[in-house]
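Chains as they are written, first to last, in UniProt numbering: chain A, 1 to 174; chain B, 1 to 727.
Since the hints were derived computationally from the structure, they do not count as laboratory data. Bear in mind the structure is a predicted one, so any value in this text is a computation, not a measurement. A couple of the hints might just be wrong.
[What the hints assert, rightly or not] In silico DMTMM-like cross-links for lysine to aspartate or glutamate, where the CA-CA straight-line distance does not exceed 25 Å: (1) LYS131/A to ASP371/B; (2) LYS221/B to ASP181/B; (3) LYS131/A to GLU380/B.
[Unchecked claim] Some, not all, of what chain B presents toward chain A, calculated at C-beta under 10 Å: (4) TYR70; (5) THR354; (6) LYS357; (7) ALA417.
Built from N, CA and C at the ideal position, the CB exists for glycine as well.
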Amino acid sequence: MAAPESGDGNNGAARMVTLISSDNTRFEVEAAAASLSQTLQLTILDGGGGGGDGIPLPNVDSATLSKVLEYCIKHAPAAANGGAPNATAVDRAELERFDNEFVNIDQSVLYSLIMAAHNLEIEGLQSLVAKKVADMIKGKSPMEIRRTLGFPDPTPEEQAEMNAHMLEYGWAYE
Amino acid sequence: MATRAHAVVQTVEDPATRITPDVIEEILLRLPIANPASGQCLHISKPDGILLYDFHYLYSFGFHPVTGEYKILHFLREPQHYKSGRPFHFDTIQVYTLGEDKWKGIRTPRKCCMVNLGVVNVDGAMYWLTEDEGTSCGMSLVSFDLREETFTSIQLPPLTEVKETASCAPPAFACYIAEIDNTVCTVAIPYHSHVPRWRRYNAELCGRMDIWSLESLVKHKWFLKYSIQSPTVPRYVPQPCFIHRDKIILQDRNGSAWYHDLAGKNVQLEQREEAKLLDIGAYRFYETQSYFYKETLVPLSKYSCDSSASLGYIVFTMVSEETKPKRLKEEECTINRLPHDCIERIFVGLSVSTLLKCSGVCKQWYKLIRDPHFIAGHLERAPRCALLFFPQESVSGKRYPSDVIIFDEVWSQSTLAVPVIGPDDFLCGTCNGLLCLYTKTSKIKIANLATGECLHLDKPIKNLKGDHFSFYRFGFHPVTKEYKVIHFHDEHQNYSQGTFNVIQVYTFGSEKWRDVRTSEALSLSCVKDYGVVSVDGAMFWLTEDSDARWKHAVISFDLSEETFTRIQLPTAALGSSNSHRYWISEIDGKICIATGEVIRHRPKMLSGDLQIWMLDSKVEQKWSLMYNLPYARNYLPGPHFVHSDKILMQSRICDLYSYELFGKNHTTKLSDRVKLLDFSPRKPDNMQCYICVKSLVQLNAYKKVGIMHGMKTTGGLGIEEVAAMEA
Chain A
1 MAAPESGDGN
11 NGAARMVTLI
21 SSDNTRFEVE
31 AAAASLSQTL
41 QLTILDGGGG
51 GGDGIPLPNV
61 DSATLSKVLE
71 YCIKHAPAAA
81 NGGAPNATAV
91 DRAELERFDN
101 EFVNIDQSVL
111 YSLIMAAHNL
121 EIEGLQSLVA
131 KKVADMIKGK
141 SPMEIRRTLG
151 FPDPTPEEQA
161 EMNAHMLEYG
171 WAYE
Chain B
1 MATRAHAVVQ
11 TVEDPATRIT
21 PDVIEEILLR
31 LPIANPASGQ
41 CLHISKPDGI
51 LLYDFHYLYS
61 FGFHPVTGEY
71 KILHFLREPQ
81 HYKSGRPFHF
91 DTIQVYTLGE
101 DKWKGIRTPR
111 KCCMVNLGVV
121 NVDGAMYWLT
131 EDEGTSCGMS
141 LVSFDLREET
151 FTSIQLPPLT
161 EVKETASCAP
171 PAFACYIAEI
181 DNTVCTVAIP
191 YHSHVPRWRR
201 YNAELCGRMD
211 IWSLESLVKH
221 KWFLKYSIQS
231 PTVPRYVPQP
241 CFIHRDKIIL
251 QDRNGSAWYH
261 DLAGKNVQLE
271 QREEAKLLDI
281 GAYRFYETQS
291 YFYKETLVPL
301 SKYSCDSSAS
311 LGYIVFTMVS
321 EETKPKRLKE
331 EECTINRLPH
341 DCIERIFVGL
351 SVSTLLKCSG
361 VCKQWYKLIR
371 DPHFIAGHLE
381 RAPRCALLFF
391 PQESVSGKRY
401 PSDVIIFDEV
411 WSQSTLAVPV
421 IGPDDFLCGT
431 CNGLLCLYTK
441 TSKIKIANLA
451 TGECLHLDKP
461 IKNLKGDHFS
471 FYRFGFHPVT
481 KEYKVIHFHD
491 EHQNYSQGTF
501 NVIQVYTFGS
511 EKWRDVRTSE
521 ALSLSCVKDY
531 GVVSVDGAMF
541 WLTEDSDARW
551 KHAVISFDLS
561 EETFTRIQLP
571 TAALGSSNSH
581 RYWISEIDGK
591 ICIATGEVIR
601 HRPKMLSGDL
611 QIWMLDSKVE
621 QKWSLMYNLP
631 YARNYLPGPH
641 FVHSDKILMQ
651 SRICDLYSYE
661 LFGKNHTTKL
671 SDRVKLLDFS
681 PRKPDNMQCY
691 ICVKSLVQLN
701 AYKKVGIMHG
711 MKTTGGLGIE
721 EVAAMEA
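Construct the complete structure from the given sequences, taking the supplied hints into account.
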């Protein structure tokens, strides 16, 4: 494999890459942060995304991409330390606080974020957003889950199915 | 990777390859390689001198995961062998490696042809079917290794059975190649005799379609993966990847594609259960192809320096399984528009009780939560709990029923959410969230402790005199995925002798107990006193020599092969006195032996140090000393006393403690004693401790053989029960 021939390489300033959202907004970001995405990592290792080229991300709009990059930038230093054995408890608490606030968002934004994390294969973000939805589900009855997650009102047929489910698994509803 | 692949149905007349005058030269001489996600496209020059006989089906494309090389194959067809309706013959393959800028000819070892025009790429090799006169069905499989560039011929499975057993009994069948779950499969479909045997069209389903999967590339071992009964309406399967994530893609003659769930190995396709995938439109349904596809950013630019390759951009139009199907109103809900994988990721971290509630939210969630793949993934991640079992007993004239207490991974205490254990039941073992319970009747009960689902099976013996719960054990083989109940049995039912010479085996899904004879009489009292554990598809228990009772050894019984192995104990672990005792246990998925001196009339109560040895290698019979624990006047409850670096012991009175195991070396300190429970007035000797998980593992697949019922089902049969009865 050919070594990446990026001139700005390792001396001094961190290497930057450009990502282009579906609505054609360009985001310049450190290669280390963008590399949290498994999908982008290969391209970046290959030397892509530098200079005027940019990496097109036809599945991610600019609002979502800026949110994703906010996460990547925050998490990149810890990820570079390889799970951060020398991270202080303060750092970890700070990341946790950031994560909690980060997912405190509107449901539609959350779903776009899930899609983006999935497409870009950002492991940490995927777990974080999945856990957020899981927390929204925990401790609720099926009807409450439907309401929380914005399902439409059940049709009579669905209502009958839900009643049958209740008969069988009512003990699990507590 | 394959599990994340999305299905793409691409019609032959893809807009990208539609011919216009401007590009006609391009189309004739160049072959595009494209990344639809990024739009990048690389045009490769076709090999020289092929124009007259150039057809799309003569090319295929593959990748080798180790070398990381992409290769294009061109089958150099011999024009003199061309005959309509016959497979094309070739003796040369031309290979183009991306980045190498040339086509290279490779001779096949003998004249080859391609049957039904399918080539699949699995694990760095290309596979296709060829004519082979010497074999039973006149065909064999050829593999071409993309790294070594060598050919191998692979015998096909016994496809001829199809001929004999197909209900409509046509004299011939069509054979296709397919890729399912990253394995090579051959598909045998009976068909009407007026259709030519060799054809490059998708098969019309007829009778039973058998799909065989190539399990071992080395041993060329096939197994029957699906046996699918065709629907009554005409349906076609698009080659070569028509099964995606347990769904089969079907096409009708009107240009619509459908999909159908494949729940289990034997499937009957019914028209009313089909879900519409999309309308393809007026394309030739018999030429549609279906592939796995994953959106990636794999760059093509690095290959563009080749003189024969030029880079450009094109726009693809594709339909993805996830965005296109229009179904119920429910799917307009945002969360259900997320890819399957994402919803699975949300669910996989949830507890069984939460998931049971989720399964009542909508049909889609119900299906996902009952999907065997999901259940297996969830089981893998389920935290391991400690389960304490108290058998029914009477203390000072008062009767106490059998009972269970569970400590979860953070040691918080709970009881069973659903009462699966009867007051007189005894626990014989746990496995993947299932309990095997010995009842006083003629039945053995299997119950999922988290969902409450139960299955009853007949005991193997009619005369229950002398039978004991400890003679029954329960195990699972991770490769065959079979659950087995075993029963230690003496042919003459002379249990007072304290030996057995037969193991009776009941495999879930079969309908009977089978006898497996031991080579010699083995100690039954050891089984009864020291217990049995199941690890990694084998059952392990202790035995002793009849002439030298202190000479203990471990016997293992492989649940797949059903063979016995004798494993010597480390010499240092062998005690010499009568008051030496053994426990057999499992720690972190490995077999362990605990030994120590015990008090003469209290056989579970330690009177000295406790050593715990771990079996490092079953083949080499190699043990290592894992813990050497200082003397503590404690009971050691069997069989699973170590739970995630804590050991459970109970004091003389009925207090149960956990001790942190400090370091895995020769002298281990016991530190941080935490009192878990005071279980008085229960007797101190009877409590058993198991590892358990809470899983969604279903028993309904085995219901043919046992009597099924859910714990709280009052409203009659569920949909699935009715469907099973009709079938």
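Tested hints:
1. LYS131/A to ASP371/B: The hint holds at about 21 Å.
2. LYS221/B to ASP181/B: holds, 16 Å
3. LYS131/A to GLU380/B: Answer holds: LYS131/A to GLU380/B is near 18 Å, not above 25 Å.
4. TYR70: Cβ of TYR70/B sits 13 Å from chain A, so the hint is violated.
5. THR354: Since chain A brings a Cβ to about 6 Å from THR354/B, closer than 10 Å, the hint holds.
6. LYS357: This interface hint holds because 6 Å falls under the 10 Å limit.
7. ALA417: OK, holds: ALA417/B within 10 Å of chain A, min 7 Å.
Checked against the numbered hints given earlier, the structure breaks only hint 4 and satisfies all the rest.
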